[in-house]
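S.K.: Got two chains here, separate frames each, mind docking them using the hints?
Chains A and B supply the protein sequences, listed in that same order.
Just so you know, we're using the working numbering here: the first sequence kicks off at 271 and counts up by one.
Just so you know, we're using the working numbering here: the second sequence kicks off at 84 and counts up by one.
Any given hint could be a false lead.
For lysine-lysine, the following DSS-like pairs were computed, each having C-alpha atoms within a straight-line distance of at most 30 Å [claimed, not checked]:
#: 1; chain 1: B; residue 1: Lys113; chain 2: B; residue 2: Lys159
#: 2; chain 1: A; residue 1: Lys383; chain 2: A; residue 2: Lys302
#: 3; chain 1: B; residue 1: Lys124; chain 2: B; residue 2: Lys113
#: 4; chain 1: A; residue 1: Lys383; chain 2: B; residue 2: Lys149
#: 5; chain 1: B; residue 1: Lys149; chain 2: B; residue 2: Lys159
#: 6; chain 1: B; residue 1: Lys159; chain 2: A; residue 2: Lys383
#: 7; chain 1: A; residue 1: Lys272; chain 2: A; residue 2: Lys383
#: 8; chain 1: B; residue 1: Lys149; chain 2: B; residue 2: Lys124
#: 9; chain 1: B; residue 1: Lys159; chain 2: A; residue 2: Lys302
#: 10; chain 1: B; residue 1: Lys159; chain 2: B; residue 2: Lys124
#: 11; chain 1: B; residue 1: Lys153; chain 2: B; residue 2: Lys90
#: 12; chain 1: B; residue 1: Lys148; chain 2: A; residue 2: Lys383
Worth flagging that the hints you see were computed from the coordinates, not collected in a lab.
Residue-level listing of the chains:
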Amino acid sequence: MKTMTVEAAIHNIPQVTEWVDAELDILHCPVKARMQIDIAMDEILSNIAYYAYAPGTGEMTVGFEALPDGHGAWFEFTDRGRPYNPLENAEPDISLPAEDRSEGGLGILLVRKTMDEVRYEYRDGANVLTIRKNWIQG
Amino acid sequence: MTITANKNGTALEVALAGRLDTMTAPELEKELNEQLDGAEKLVFDFASVEYISSAGLRVLLSAHKKMSTKGGMTIKNINEIVREVFEVTGFTDILNIE
Chain A
271 MKTMTVEAAI HNIPQVTEWV DAELDILHCP VKARMQIDIA MDEILSNIAY
321 YAYAPGTGEM TVGFEALPDG HGAWFEFTDR GRPYNPLENA EPDISLPAED
371 RSEGGLGILL VRKTMDEVRY EYRDGANVLT IRKNWIQG
Chain B
84 MTITANKNGT ALEVALAGRL DTMTAPELEK ELNEQLDGAE KLVFDFASVE
134 YISSAGLRVL LSAHKKMSTK GGMTIKNINE IVREVFEVTG FTDILNIE
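With the rest of the complex left out, here is chain B (with noise of 0.2 Å):
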């Protein structure tokens, strides 16, 4: 997986392509600690995600709970797997989906 953040004055975009698994998840989880402090709203790209699994979930669910405190979190571009994983899983009530 590739994860390309982008910082705007306090808004980060975060792209996102590939596998979102049990072996890349941790890499966004690190990239995420390392750039959140300062965003007040982050917004994923998922144009070039290919599917995610539960890992990559847990990851989604950690940064939307610190977001919303915050100017909240956006998921924009979500492939049909995608959005069958949200839904399953009802994701698509918690999550910000564009």
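Just chain A, same shape as in the assembly (with noise of 0.2 Å):
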């Protein structure tokens, strides 16, 4: 797995976008499936950078593995900030009118839609989660 560690803060999220979707290139990854990871990757590590390590700082890391018939990918995302698993979290209520929405949960909300596989473990003393996304070749 290759592998990207910044520190967490939300002006390096595009520095990694951009290493990723330059992987994503590599493997001829659709537009759409592109745009969706880039979005699931937003949704990951601004939730990293807010409240991973608040009120201090610390790292995150991004890693990368294709799939082996090169149709989608891994990606791992590892802070070591306090033990915090976003899908324990109760989905929003997307029913409700616009004055009683709050705004939180529609990010992991995204990415629990758009991603084919998506899991968190604490491990070794660091949050991991874990999505898969899938593509098929245009």
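M.R.: So, in structure tokens, the structure goes:
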């Protein structure tokens, strides 16, 4: 698995996204799947940057590995902040009218709906969120 | 992301280009805070928006709430990815999409 480690700060998200996009281009990942992955990364990395180490700072690592058939990839997001499983949160009620909407939980909802698999584990003192995205080559 | 705001009387049209995400959503929020006061109607042109994440949804929801007591808010020219994000999060039921 290829990895990139950066300080857990939102200004580092574009740099990580660029790196992953370049890897996806090598695999001829279709534009739609690439954008879904970029959105998922924005949701997961911003969550880590805002909350994992607050009020301190730390690192976040993104791992990338293509599936053996080249039609998909695994992405692993690791931080050593406070233990937090985003998959345990209740899904937001998306049927509420605008004035009653709360703004939390939409990010992880997007990740769950657009990725093919999402897993969380607390491993060796680290939060590890793993997602898989499959695509059909265009 | 680039933000181009045009005022036509009390109507404000905001054309966006690029990615509306964690890094860029605060720029849009700031622009709207400066421009929305005199506006009775708000139109977003998403023709050049690549994608939107939940950070962008938060700004749109807040603008929608502000405009709902006035002439309302409309979003036009959304692409397939933006539509999917709106659908998955139930925003198609809230927002006025042209």
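S.K.: Could you run down the list of hints and mark each one as holding or not?
M.R.: Checked hints:
1. Restraint check for Lys113 (chain B) and Lys159 (chain B): the C-alpha separation of about 21 Å stays at or below 30 Å, so the hint holds.
2. For the given pair, Lys383 (chain A) sits about 14 Å from Lys302 (chain A) by alpha-carbon distance, which is consistent with the 30 Å threshold.
3. With a C-alpha separation of about 18 Å, the suggested pairing of Lys124 (chain B) with Lys113 (chain B) holds against the 30 Å cut-off.
4. Between Lys383 (chain A) and Lys149 (chain B) the CA atoms are separated by roughly 29 Å; this keeps the pair inside 30 Å, and the hint holds.
5. Restraint check for Lys149 (chain B) and Lys159 (chain B): the C-alpha separation of about 18 Å stays at or below 30 Å, so the hint holds.
6. Between Lys159 (chain B) and Lys383 (chain A) the CA atoms are separated by roughly 24 Å; this keeps the pair inside 30 Å, and the hint holds.
7. Simply put, Lys272 (chain A) and Lys383 (chain A) have alpha-carbon atoms about 25 Å apart, close enough for the 30 Å limit, and the pair holds.
8. As the CA atoms of Lys149 (chain B) and Lys124 (chain B) are separated by approximately 10 Å, the hinted pair is consistent with the 30 Å bound.
9. Using a Cα cut-off of 30 Å, the hinted pair Lys159 (chain B) and Lys302 (chain A) holds, with the two alpha carbons roughly 20 Å apart.
10. Under the criterion of a C-alpha separation no larger than 30 Å, the hint pairing Lys159 (chain B) with Lys124 (chain B) is consistent with the structure, at around 14 Å.
11. Between Lys153 (chain B) and Lys90 (chain B), the direct Cα distance comes to roughly 16 Å. Compliance with the 30 Å bound is thereby established for this hinted pair.
12. Between the alpha carbons of Lys148 (chain B) and Lys383 (chain A) the distance comes to roughly 26 Å, so the proposed pair stays at or under 30 Å and holds.
The structure agrees with every numbered hint stated previously.
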